[in-house]
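J.: Chain residues, written in single-letter form:
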Amino acid sequence: MSAPLLQVRDVSKRFGDQLALHSTSFDLWPGEILAVVGESGSGKTTLLNLIAARLRSDSGSVHFDTRDQGLQDVFKMTQAEQRLLARTDWGFVHQHAADGLRMDVSAGANVGERLMGLGERHYGRLRAAATHWLQRVEIDPSRIDDAPRNFSGGMRQRLQIARNLVTKPRLVFMDEPTSGLDVSVQARLLDLLRQLTRQMQLAAVIVTHDLAVARLLSQRMMVMQKGVVVEAGLTDQVLDDPQHAYTQLLVSSVLQP
Amino acid sequence: MSQQTIEVHPMPLTTPQESRVAEMSALDGEFNFAYLDERTKRMIRRALLKAVAIPGYQVPFGSREMPLPYGWGTGGIQVTASVIGPNDVLKVIDQGSDDTVNAVNIRRFFERTTAVRTTTATLEATLIQTRHRIPETPLQEGQVLIYQVPVPEPMQRLEPREAETRMLHGLAEYGLMHVKLYEDIARYGHIATTYDYPVLVNDRYIMSPSPIPKFDNPKMHMNPALQLFGAGREKRIYAVPPYTKVESLGFEDHPFEVQRWDAACALCGAEDSFLDEIVTDDAGGRMHVCSDSHYCETRQQAQAAISSPVEAP
Ligand SMILES: [Zn+2]
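Going down the list, the sequences are from chains A and B. Start counting the first sequence at 68; every next residue gets the next number (the numbering used here). Start counting the second sequence at 266; every next residue gets the next number (the numbering used here).
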């Protein structure tokens with residue numbers, strides 16, 4: 068691999084008197100899955116929102132290796148450029164499906180919306196793409212005209228993933244994608260995510276409180292506590308031989324969301 | 266909504282025009298030409314100028330209380346009141362007709378507050394205020410068509426957050442509009458939207474044409490007349506200047522199409538006009554007639570003139 072896909076340098080965020088995220092830096096390589104693990108209030112979701120340009124960082128830069136122009140500082144892009152990037156080469160899977168889906172619009176239109184936004188004006192091709200992506204996320208294509216409001220929690224998350232992947236992004240941000248689901252539904256979703264990220268050589272930053280999610284999906288992980296990355300490394304090494312006292316505590320106990 | 270609320274100035278229509286305004290002043294105290302005060306008109310004209318400069322863009326304006334309830338076209342009336350002058354000739358139509366209560370009341374309102382000449386003849390009018398139709402007779406340069414708009418935001422149903430739709434317009438992110446059309450095809454097999462069919466103006470802004478039938482959409486394209494749109498409750502004004510590109514949205518494999526009828530107008534025989542279906546008797550008999558009443562009458566008169574030529578004097 069020649070260059071990182073994403074270079075995060077010294078991003079930080081203060082909310083009033085509280086420093087939610089201390090200066091944080093890391094690189095993400097093409098096809099790599101990074102898990103950001105921590106408890107509620109650790110700053111992990113703030114970090115995710117900063118690097119996805121959904122929240123303004125107080126400092127630093129985020130460079131993304133764009134298809135057309137190579138490494139570009141996302142923070143210096145116009146809002147239009149950021150939003151175009153966010154719906155083409157990036158994806159964002161929300162914890163709550165209602166934040167990432169149009170709940171009363173059919174599954175097919177949910178999947179097709181990004182394509183329509185990019186100028187696809189052929190209904191037949193939109194149908195074909197939606198059918199294909201529903202199958203890829205293991206949703207029965209006969210549900211193509213049903214609205215996600217009538218879907219189960221697991222199906223909604225899978226539809227959210229399909230809606231994001233239809234433009235074949237190279238980087239997907241995920242915020243607790245499996246939390247709130249039954250254990251068996253979680254396992255199926257994790258299997259699907261692992262399979263899709265491998266097949267598509269997709270890079271991802273996954274925020275989770277669940278060490279099992281990190282273990283199953285990620286190659287590397289960062290452990291956060293009180294707005295600081297206390298430990299980072301290869302996932303297996305961190306989980307099998309934690310160095311920081313806080314990581315040791317996490318590994319030995321069940322982490323609360 | 267009560268019909269009575271708009272009867273604010275009950276007065277016989279037979280009063281001569283000149284004396285009518287004077288009489289109104291005497292009855293109602295001081296009121297300005299076309300009801301609105303000059304400051305308000307200037308404010309609305311500024312919004313109109315901006316709207317004309319940015320075709321299809323919704324300009325906010327300080328909508329005034331009018332002596333008619335919302336839903337009776339207060340947006341269109343304020344626009345008309347701001348552009349009308351003493352030498353204008355006004356036509357008011359509602360669903361194509363000059364004779365509905367709404368049309369009659371708005372026409373009467375301007376007769377009383379401006380004393381301008383009114384007409385039902387499309388080509389005689391310099392200003393045409395309309396609800397739900399564009400006249401069949403092609404408009405000409407110098408004419409102004411003023412639409413009454415209930416819901417100016419074409420994306421409102423799918424995206425109710427106003428800040429969000431404003432941003433989508435600003436960035437020309439219009440995937441959502443095709444989501445709406447996609448949903449139509451998925452549900453009905455074709456684009457079922459027949460009224461208020463969204464258009465792209467001047468290759469830039471998506472615009473609601475107000476609830477005109479999609480039959481009328483092609484008339485907006487490259488029209489020689491100035492088209493102004495006023496939404497009173499939503500406080501928005503927008504415009505399509507003369508000879509502006511107006512494209513109805515569609516898909517390559519489900520293109521925009523206008524309504525067609527197997528029937529011709531039962532009164533004038535027109536095959537090219539927008540037809541209303543009306544029930545003619547208790548047995549459920551039906552016939553199709555032109556929705557544009559002036560167009561239909563003109564054609565009937567022309568046919569009568571041909572079939573029974575006027576005798577020589
Ligand atoms: Zn007719």
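In short, the hints are calculated from the structure, not lab data. Please read all numbers here as calculations on a predicted model, not as lab measurements. Beta carbons are placed, not taken as given, at the ideal position from N, Cα and C, and that holds for glycine. Mixed in with the good hints there might be a few duds.
[To be verified] The calculated DSBU-like cross-link candidates involving lysine-lysine, where the alpha carbons are at most 35 Å apart (straight line), are:
id, chain 1, residue 1, chain 2, residue 2
1, B, Lys315, B, Lys510
2, B, Lys315, B, Lys445
3, A, Lys143, A, Lys293
4, B, Lys315, A, Lys235
5, B, Lys479, A, Lys143
6, B, Lys445, B, Lys510
7, B, Lys479, B, Lys500
8, B, Lys479, B, Lys445
9, A, Lys143, B, Lys315
[Said to hold, decoys possible] Covered by chain A, per the in silico footprint, the following chain B stretches (three or more residues, Cβ under 8 Å):
id, stretch
10, 315-325
11, 544-552
[Said to hold, decoys possible] So the derived list for chain A, only partly shown, Cβ under 10 Å to chain B, looks like this:
id, residue
12, Thr133
13, Met144
14, Arg154
15, Asp171
16, Ala176
17, Arg181
18, Met183
19, Ala279
J.: Hint by hint, say whether it matches the structure.
T.: Right, here's what the structure says about each hint:
Of the supplied pair hints, the one linking B/Lys315 and B/Lys510 holds, its CA atoms being roughly 18 Å apart against a limit of 35 Å. Using a Cα cut-off of 35 Å, the hinted pair B/Lys315 and B/Lys445 holds, with the two alpha carbons roughly 29 Å apart. Proximity of A/Lys143 to A/Lys293 is assessed by CA-CA distance (about 28 Å); at most 35 Å being required, the pair is judged to hold. With a C-alpha separation of about 41 Å, the suggested pairing of B/Lys315 with A/Lys235 is violated against the 35 Å cut-off.
Restraint check for B/Lys479 and A/Lys143: not satisfied, since their Cα atoms lie roughly 43 Å apart, outside the 35 Å limit. For the proposed pair B/Lys445 and B/Lys510, the alpha carbon gap of about 22 Å is at most 35 Å, so the pair holds. As the CA atoms of B/Lys479 and B/Lys500 are separated by approximately 24 Å, the hinted pair is consistent with the 35 Å bound. Distance hint between B/Lys479 and B/Lys445 is fulfilled; the C-alpha atoms sit about 15 Å from each other, no more than 35 Å.
In summary, the hint linking A/Lys143 to B/Lys315 is supported, as the alpha carbons are separated by about 31 Å, within the 35 Å threshold. Counting residues of the stretch 315-325 of chain B whose beta-carbon sits less than 8 Å from any beta-carbon of chain A gives 0, not enough to reach three: the coverage restraint is violated. Residues of the stretch 544-552 of chain B with a Cβ under 8 Å from some Cβ of chain A number 0, which does not satisfy the need for three, so the listed coverage is violated. With its C-beta approaching chain B no nearer than about 18 Å, A/Thr133 sits outside the 10 Å limit, and its interface hint is violated.
Hint status for A/Met144 relative to chain B: violated, with the closest Cβ pair at about 13 Å, above 10 Å. Taken as an interface hint, A/Arg154 checks out: its beta carbon lies about 8 Å from the nearest beta carbon of chain B, inside 10 Å. With a cut of 10 Å, the hint placing A/Asp171 at the interface with chain B holds, because the nearest CB-to-CB distance is about 9 Å. Interface hint at A/Ala176: satisfied, since its Cβ lies 5 Å from the closest Cβ of chain B, which is below the 10 Å cut-off.
The beta carbon of A/Arg181 comes within 7 Å of a beta carbon in chain B, closer than 10 Å, and the hint placing it at the interface holds. Annotation: interface hint on A/Met183 holds; nearest CB of chain B at approximately 4 Å, less than 10 Å. With 10 Å as the threshold, the beta carbon of A/Ala279 stays out of range of chain B, its nearest partner Cβ sitting at about 36 Å, so the hint is violated.
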